[in-house]
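A.B. asks: Please arrange chains B and C on chain A, whose structure you already have, making use of the hints.
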Amino acid sequence: MKVLDLRKLVLVNGALLILLILSAAACTLLGPVRLDLSHALSHLFSSNADTEILLRARLPRVLLGIAIGGGMAACGVVLQALLGNPLACPQMLGVSGGASLGGILGIIFFPNWLLPIAGGRLGEISWIPLAAFLGALLSMILVYRFSLFHGRLHPYHLLLSGVILNSFIAAVIMFLNSIVDFYQAQGLLFWLMGSLSTRAYLTVGFIWFYIAVGFLWLWSKGLSLNLITLGEDAAMHLGVEPGALQGQVFIAASLMIGAMVSVSGVIGFVGLMVPHVMRLLIGSDHRLLLPASFLAGGIFLCWADTLARILLAPAELPVGIVTAFFGGPFFLFLLYREGRRSLAL
Amino acid sequence: MNAIQTDNLTFSYGVRPVLHGISLSVRSGEMVGMLGPNGSGKTTLLKIFSGVLRGEGEVRIKDKQIESYNRRELSQLFAVVQQEARVNFPYSAAEIVLMGRASYHSPLALENQHDLEVARTSMDLTDSLAFADRYLHELSGGEKQRVMIARALAQEPKILLLDEPSAFLDLKHQIQVFELLLRLNRERGLTIIAALHDVNLAALFFPRLLILCNGRIHRDGAPCEVLTEKTIEEVYGIRVRIEHDPTYGKPQLFFRPAA
Amino acid sequence: MICLPRFFALGVLLAALVFFVGLPSPGNAASGSIPQRVVSLAPSITETVFALGFGVRLVGVTNHCDYPAEAKRLPKIGDFMSPSLEAIAAKRPDLVIGVDGATDPAKAREIERLGIKITLLSVSSVTEILSSFKRIAELLGDPEAGARLVKKTTVQFDKVKTRVAPAPRRLVLLAVGLRPLVAVGGKNFLDELVTLAGGENIAANAPQPWLNLPDEYVVAKAPQVIIQAGMGSDTGGSARHWSDLKSIPAVKEMRVYTYNSDKILRPGPRIGEGLEDLARLIHPECFDPASSGVAKGSLCEGSGP
Numbered sequence: 001m002k003v004l005d006l007r008k009l010v011l012v013n014g015a016l017l018i019l020l021i022l023s024a025a026a027c028t029l030l031g032p033v034r035l036d037l038s039h040a041l042s043h044l045f046s047s048n049a050d051t052e053i054l055l056r057a058r059l060p061r062v063l064l065g066i067a068i069g070g071g072m073a074a075c076g077v078v079l080q081a082l083l084g085n086p087l088a089c090p091q092m093l094g095v096s097g098g099a100s101l102g103g104i105l106g107i108i109f110f111p112n113w114l115l116p117i118a119g120g121r122l123g124e125i126s127w128i129p130l131a132a133f134l135g136a137l138l139s140m141i142l143v144y145r146f147s148l149f150h151g152r153l154h155p156y157h158l159l160l161s162g163v164i165l166n167s168f169i170a171a172v173i174m175f176l177n178s179i180v181d182f183y184q185a186q187g188l189l190f191w192l193m194g195s196l197s198t199r200a201y202l203t204v205g206f207i208w209f210y211i212a213v214g215f216l217w218l219w220s221k222g223l224s225l226n227l228i229t230l231g232e233d234a235a236m237h238l239g240v241e242p243g244a245l246q247g248q249v250f251i252a253a254s255l256m257i258g259a260m261v262s263v264s265g266v267i268g269f270v271g272l273m274v275p276h277v278m279r280l281l282i283g284s285d286h287r288l289l290l291p292a293s294f295l296a297g298g299i300f301l302c303w304a305d306t307l308a309r310i311l312l313a314p315a316e317l318p319v320g321i322v323t324a325f326f327g328g329p330f331f332l333f334l335l336y337r338e339g340r341r342s343l344a345l
Numbered sequence: 001m002n003a004i005q006t007d008n009l010t011f012s013y014g015v016r017p018v019l020h021g022i023s024l025s026v027r028s029g030e031m032v033g034m035l036g037p038n039g040s041g042k043t044t045l046l047k048i049f050s051g052v053l054r055g056e057g058e059v060r061i062k063d064k065q066i067e068s069y070n071r072r073e074l075s076q077l078f079a080v081v082q083q084e085a086r087v088n089f090p091y092s093a094a095e096i097v098l099m100g101r102a103s104y105h106s107p108l109a110l111e112n113q114h115d116l117e118v119a120r121t122s123m124d125l126t127d128s129l130a131f132a133d134r135y136l137h138e139l140s141g142g143e144k145q146r147v148m149i150a151r152a153l154a155q156e157p158k159i160l161l162l163d164e165p166s167a168f169l170d171l172k173h174q175i176q177v178f179e180l181l182l183r184l185n186r187e188r189g190l191t192i193i194a195a196l197h198d199v200n201l202a203a204l205f206f207p208r209l210l211i212l213c214n215g216r217i218h219r220d221g222a223p224c225e226v227l228t229e230k231t232i233e234e235v236y237g238i239r240v241r242i243e244h245d246p247t248y249g250k251p252q253l254f255f256r257p258a259a
Numbered sequence: 001m002i003c004l005p006r007f008f009a010l011g012v013l014l015a016a017l018v019f020f021v022g023l024p025s026p027g028n029a030a031s032g033s034i035p036q037r038v039v040s041l042a043p044s045i046t047e048t049v050f051a052l053g054f055g056v057r058l059v060g061v062t063n064h065c066d067y068p069a070e071a072k073r074l075p076k077i078g079d080f081m082s083p084s085l086e087a088i089a090a091k092r093p094d095l096v097i098g099v100d101g102a103t104d105p106a107k108a109r110e111i112e113r114l115g116i117k118i119t120l121l122s123v124s125s126v127t128e129i130l131s132s133f134k135r136i137a138e139l140l141g142d143p144e145a146g147a148r149l150v151k152k153t154t155v156q157f158d159k160v161k162t163r164v165a166p167a168p169r170r171l172v173l174l175a176v177g178l179r180p181l182v183a184v185g186g187k188n189f190l191d192e193l194v195t196l197a198g199g200e201n202i203a204a205n206a207p208q209p210w211l212n213l214p215d216e217y218v219v220a221k222a223p224q225v226i227i228q229a230g231m232g233s234d235t236g237g238s239a240r241h242w243s244d245l246k247s248i249p250a251v252k253e254m255r256v257y258t259y260n261s262d263k264i265l266r267p268g269p270r271i272g273e274g275l276e277d278l279a280r281l282i283h284p285e286c287f288d289p290a291s292s293g294v295a296k297g298s299l300c301e302g303s304g305p
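Residue numbers (the working numbering), protein chains in the order written: chain A, 1 to 345; chain B, 1 to 259; chain C, 1 to 305.
Derived by calculation from the structure, the hints in this document are not laboratory data. Hints are supplied without guarantee of correctness; some may be wrong.
35 angstroms max Cα-Cα, derived DSBU-like pairs, lysine-lysine [what the hints assert, rightly or not]: (1) Lys91(C) - Lys76(C); (2) Lys187(C) - Lys151(C); (3) Lys8(A) - Lys158(B); (4) Lys172(B) - Lys2(A); (5) Lys117(C) - Lys152(C); (6) Lys263(C) - Lys134(C); (7) Lys134(C) - Lys187(C); (8) Lys2(A) - Lys158(B); (9) Lys107(C) - Lys134(C).
Predicted model, so just to flag it, every value in this text is computed and none were measured.
Next up, chain A with everything else stripped away, as it sits in the complex (with noise of 0.2 angstroms):
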């Protein structure tokens, strides 16, 4: 009998794991710019262009990929567990759509409000993240009313609430693109497509905070998210109280995805195709499945923007293009191989 043990936990995971920091440590070397590493690392703390490149204009970046990359996947597990459906995406719930609604509105009205932190000394934020996130909060409580019957979440509403709060966002984004005007137009493209483009290590950091909070909370319910993709009844059957999980699990990822749109736009196709190609690979137990989504998000994402970076050097490609443009086929040809043999569509 093959099921999932302490082995396989740590084997997969552990793998994962040095992928990742390999993969870190490449992306953050590789660029449309050339690197002296050696010269970067022994002036690291006098002002020259190799260590600036390295630790300001990259490092931040691939972080930032990582924590977006993994907790975009994670939401995305658990999304496709919530809704009963393993062709669900985190912008299915209408949360992103509401957090670059927020942002493109910040853009065109005040873009350049600045929100000091601590009093001024951790330096300052733009209004437009927070405006970001103030949206995706609106749109979560939104779907949630929308969804809410007799105490619990159901995934059919859910799904419906989300894609028509989708479908109004969009149309409200399609005319405020056709009112704005030209420098406004890139501020919106910039939300629509994503960009990992940062120095700020406050954000990463904070960023990375809140991911890792909200992704160890996600898994630990992981049992539970299993006895629900069994069904709401088979799920109480089995011990899990399915409208408490529903809405918590809602609440955090909505949260989450919230956050990460604010800071990096809408960054599309990971939390739909990493877990998926993951449960081609691994199974289905979100025990194993959301840490290892985790890591292969991280990967994901940390070179999509290298690639963003690199192919149309010196211009820089949203890297929502980039996971679209790449993981769609790549997804195709993993489903070919093996989707016959393991999907339960």
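C.D. replies: Below, chains B and C alone, put in the same frame as chain A:
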């Protein structure tokens, strides 16, 4: 002691009433078969017993109100085999059975050796060990059903509820399942309540039959008492001839179609 | 009675013909007559028309047309990106002028189909901008005005070129957005302006006219001047944004500027003035040595205002 007891239980799906004033008690170690046409409320009643639905009226499990149990406790008391097993994700049969052990270990821990043993034994009892590592969606309806029964057994329940457990099984496995239920009842004192559609098999294997009609208990008792030609005609709307089979002395139906 | 169906079919065919082809419209600009009612589909076109002295003929401009001041009072026909067909048609223009590459080609075809004469001018390079002055002047019946405007602009260019000639080229990052960073690439008239102003655009080798630049590229190219252009840019914000990349000469020497004017961003008659503004930012020592803070001995020292 009463395993399950209800008093004037009523239940409606929205405005559609399904159960009217059901009062019954099932003692520990009893084996009860529920009969009745579709829509008579069999599945609904099972769902209320297992705590999935809540109706009006009292439901007591082991002489305590059902509301006083939490889900985990209920899942250690009850195991349910549903009519249809629809799983959207690729799990192996072994993984499915092992999920039955969920309420016996911490959610943060993996299954231990004992859990694996119980799962193995359960699969062995339902003759499903051979396809333990195959994906559930690759199995036939009958094989899936046996895996589900194995999962229910892995829960080591005191009360086993089954909703048409033989629905997709071939003859050999139908008999096997009922023989297994009988053995579990006799050897382990497992209380069993099963909704059934095959009246003859119900009569053969179940010492007590509950016949539901339109959400009410029509007859309740031993097969010889409750299975009469008149009852069958009232409940199912068909004419039959009832004879007691010589070997076991149980009433068996012989159909008398109009043609 | 038998003939009725045939006539009916003929009637349907005729109706269909009219529907798809359209009734002949009352004559608008017959070729040869000078347009008196002009609609502009871009702020740069509006400015050019005014600069050529034909502002009085404009009967419709876009929402973004705000220079000169009189343009703000003119009737609006919609957005720069997607103008309103009804508003344009209601003005009964003799000529509509748009920008090739910015005006929606589908809208342009629609306008043509309404029987209105429309011209799309390409203004992607300095040469094309100057040509557009001449072309618009021709279309509006006074080629002389066009030649004069071209001369005036060329003179402005030459003055700047002479000023900055002695100074060495400076590496420049010219950006129009901060988050995300949108930089001027090659094949952009702004790139040419940077060169004319004595600078070298760090993204000149990019085939796109506008592009997102990753921070590492800016650090590697080490521009000596960073100019953040575009309306609504916030002065302090630009400097703060780059402040942690101290290896960039522009940051070290505090040459991060914000430029809040449309003069260089519109491919119109003010690019001469815009070029001077650019040059003042790139080579301040060539315009006003006292205030530039540049060490004595710079090549432009003594060239005087």
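A.B. asks: If a hint holds in the structure, say so; if it does not, say that too.
C.D. replies: Quick rundown of the hints versus the structure:
1. Lys91(C) - Lys76(C): Status holds; Cα separation ~10 angstroms.
2. Lys187(C) - Lys151(C): Answer holds: lysine 187(C) to lysine 151(C) is near 24 angstroms, not above 35 angstroms.
3. Lys8(A) - Lys158(B): Status holds; Cα separation ~33 angstroms.
4. Lys172(B) - Lys2(A): 28 angstroms, holds
5. Lys117(C) - Lys152(C): Holds: lysine 117(C) and lysine 152(C) sit about 29 angstroms apart, inside 35 angstroms.
6. Lys263(C) - Lys134(C): 19 angstroms, holds
7. Lys134(C) - Lys187(C): 22 angstroms, holds
8. Lys2(A) - Lys158(B): Answer holds: lysine 2(A) to lysine 158(B) is near 28 angstroms, not above 35 angstroms.
9. Lys107(C) - Lys134(C): 25 angstroms, holds
Comparing the model with each earlier hint shows no violations; every hint is respected.
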